[in-house]
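Protein sequence lines, in the order shown, are assigned to chains E, W and S.
Quick note: the first sequence, position 154, residue 153 per numbering that gives the first Met the number 0, numbers continuous.
Quick note: the second sequence, position 65, residue 64 per numbering that gives the first Met the number 0, numbers continuous.
Quick note: the third sequence, position 236, residue 235 per numbering that gives the first Met the number 0, numbers continuous.
Honestly, the hints are just simulated from the structure, not real lab data.
All of these numbers come straight from a predicted model, not from anything done at the bench.
A couple of the hints might just be wrong.
Which copy is meant is left open, because identical chains are indistinguishable; a pair holds if it fits in one copy or across any two.
As the list claims (entries may be wrong) - Heads up, simulated DSS-like pairs for lysine-lysine below, C-alpha to C-alpha not over 30 Å straight-line: (1) 1 / 227; (2) 38 / 1; (3) 283 / 1; (4) 38 / 21; (5) 25 / 38; (6) 191 / 227; (7) 1 / 25; (8) 238 / 205; (9) 240 / 160.
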Amino acid sequence: MKNSHFISIKNFSKKQIEYILKTAEKMEDIIHSGTDIAKNKILGSLFYEPSTRTQMSFSSAMYRLGGNVIGFSDPKTSSKTKGENLTDTIRCVSNYCDIIVIRHPLEGADMLAAENSPVPIISAGCGTKEHPTQALLDLLTIKKEYKDINGLNIGILGDLKYGRTVKSLTYALSLYDCDLNFISPPSLKMNKEVLNYLNEKNIQYKEFKDVMDVINDLDVLYVTRIQKERFPDPTEYLKLKGSYKIDLSTIKNVKESFIIMHPLPRLDEIAYEVDNTKHAKYFKQPYYGLLVRMALISLILGLIE
Amino acid sequence: MKNSHFISIKNFSKKQIEYILKTAEKMEDIIHSGTDIAKNKILGSLFYEPSTRTQMSFSSAMYRLGGNVIGFSDPKTSSKTKGENLTDTIRCVSNYCDIIVIRHPLEGADMLAAENSPVPIISAGCGTKEHPTQALLDLLTIKKEYKDINGLNIGILGDLKYGRTVKSLTYALSLYDCDLNFISPPSLKMNKEVLNYLNEKNIQYKEFKDVMDVINDLDVLYVTRIQKERFPDPTEYLKLKGSYKIDLSTIKNVKESFIIMHPLPRLDEIAYEVDNTKHAKYFKQPYYGLLVRMALISLILGLIE
Amino acid sequence: MKNSHFISIKNFSKKQIEYILKTAEKMEDIIHSGTDIAKNKILGSLFYEPSTRTQMSFSSAMYRLGGNVIGFSDPKTSSKTKGENLTDTIRCVSNYCDIIVIRHPLEGADMLAAENSPVPIISAGCGTKEHPTQALLDLLTIKKEYKDINGLNIGILGDLKYGRTVKSLTYALSLYDCDLNFISPPSLKMNKEVLNYLNEKNIQYKEFKDVMDVINDLDVLYVTRIQKERFPDPTEYLKLKGSYKIDLSTIKNVKESFIIMHPLPRLDEIAYEVDNTKHAKYFKQPYYGLLVRMALISLILGLIE
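Chain E on its own, in the form it takes in the complex:
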């Protein structure tokens, strides 16, 4: 993986993904013992769209490895570079660092960056298509809880049309032998591009409107937010919003080992009362995210193996 870009889950084989996850697990020791394998290495952190959480996660990963971080993280600063095209920015900034993480509101910005960069590019989510490192951390979370991802019955709930995390996760899960269940309002169903991808690979999936129709069969429920403004019709929103909120009553009859995940930030789609149940795993995900990003940076920079 040395010097590879990391733009889409689809570009990586199951073997490669598994290798990243295995490496991520080893990072736990490194956090405790400390390391400086990335000493003198610099991560360029280009956030054209703010994302405190993801930006801090990547920065923390780089520091935990002993490296440093330059970049910007706020829209005001980055707007100053808007006059310049992204290609020029990448050609310039790549002189200042050894690896670049990019987040951008526009689809394909990560790909364009990769095509023009002499240093490796990691996508931190661009447009509505993918958020590949989130998918890695989601996989690691499931793996840590269940050991084996194969054979699991997994539900993915929320705005499947515009959400990028749910797409990357679906691509990632398609590498395993598990049952996929997409739960969303009809107007926000998983888009055709992803469904076609699953069909071509002969992966089974079901679609649901109501989470209650499937939740008690699930091993994993991945909850994402439905933004009000995505609904073409406010009446539809009012009618449906209750169905996509998880509270104690929703999970009353779930399996013993059932887990709830969420990419965060969570607003009201999971009630606070769920936080203290054994099913809630969404506050463990950021930790796995740190491990995954440490692993990815280490592998791409060739710092390990």
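Once you've looked at the hints, dock chains W and S against the given chain E.
Using the frame of chain E, we list chains W and S on its own:
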């Protein structure tokens, strides 16, 4: 103090405060010799309210110790996290760092953070109640100039009602045997909560409207800004503003050893002509602030002793 | 140079400039081998005017040397310090770092900072007068391409009146024996202060309105942007803008060894089709900028020699 939160001066004994100050003095050597006792440690710096000065002071402290810093420092970036409640942010971010510094416009945000954080929280000032590390650096400044804080006659001037530094300083000074003099317009007097605290502890204080009535008896004058918009009546502001500006004429007959302090930034409440007098100590305070924050981080992370 | 401020090219002798450039060339080895000569040193990066590129370049330089960086880079954050005068900010911040880089919209802010700072100040461009580290990197670029700057025929094109990079570059080139050609619309000619400086030093220069009148004689063309809003008359802009855009037809008959430089960001003043010609050197400049800033920081902090 290892793993303690540092939210209010009131939670610490005189012995503990003295120990922090003693540790701070030792930090001077460390600045010159260099250290990496905080190697591989990460400070999360969450500034929901901008404060260039305090944020840079904490960051510098962490770097001087050999550690690293992640976080945000501008309102635009942090507003993106507003949809999420603070508890969730802390639960997430605490995965990325070993200690968190928080500044927030709302009262009690630091306490709430502490209640929900698996890593120690240091308050960098929240709402109008306290700014505890400022109080520590103020104490250290007085100690450095006078050796002993006991027996001093100390004036605190400005907006005592809304200012947070003056409250933390008062709590801190209440641990010592010194005379307190509060100087402010009647509408901005020290609030009842603090005065009750002093009364309960049987601490003597006097209140003044005019700094000239007390300045020549003082060993220390702590000046803070009075914001025009705090006055309910603009006429009152115009009438009073002159009384709360320190210039050469104000300090003409002060004691030989008299010192003037200020938490900075200073606007026009201390005339520039005062800067070059031997009384001005306000530009030494930021240096003591660095020492104090280095000490606090070291003690809480258990890096020393 | 230890502990010197670096505010204007004019304050340094040719010998000193040459020494910085020679040191910059040595930095290439350090980038590859890694170093921590700046360990425990902190750079204060005060950008009162956003400049992602320059700020990242200085930060990268400091990290490559093994040091750390504190500061701010966005207008919103820095506006909070506006109430305070710059002198106070410098007196405070200089407690937190070992060297300060400042960028400011106002002329002379760098000089004022230097006068009040106990630590060395490097200007990253203030007002419209100078951008001295850009001039150093421009010199290094020419030197790397041509070995000797003496004897070259150099064209400087664009907004010579308001642009700061062109002024610092002119001062820098005046130390060498080369022919200067200023190419600009009449209303944006190089200002009198700079021309007088050249006249006093008996340096030859020519002025042109049309780049085609001189381009085929040039060894170097330094292109800068002409901002539409600088033209007093929009008709004049429309009439002239074509003359200041470089494309393949413009450079059809240039010398074999001819090079094009640009301080970046480039908008449309150089056509993308030029990027892949052997003449284009503007994406090598950021790399030389990194070397120059590493050298400057090392020399001023006394980390080498």
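- prompt: Hint numbers the structure violates, sorted upward?
  reply: When the structure is compared with the hints, only number 1 turns out to be violated.
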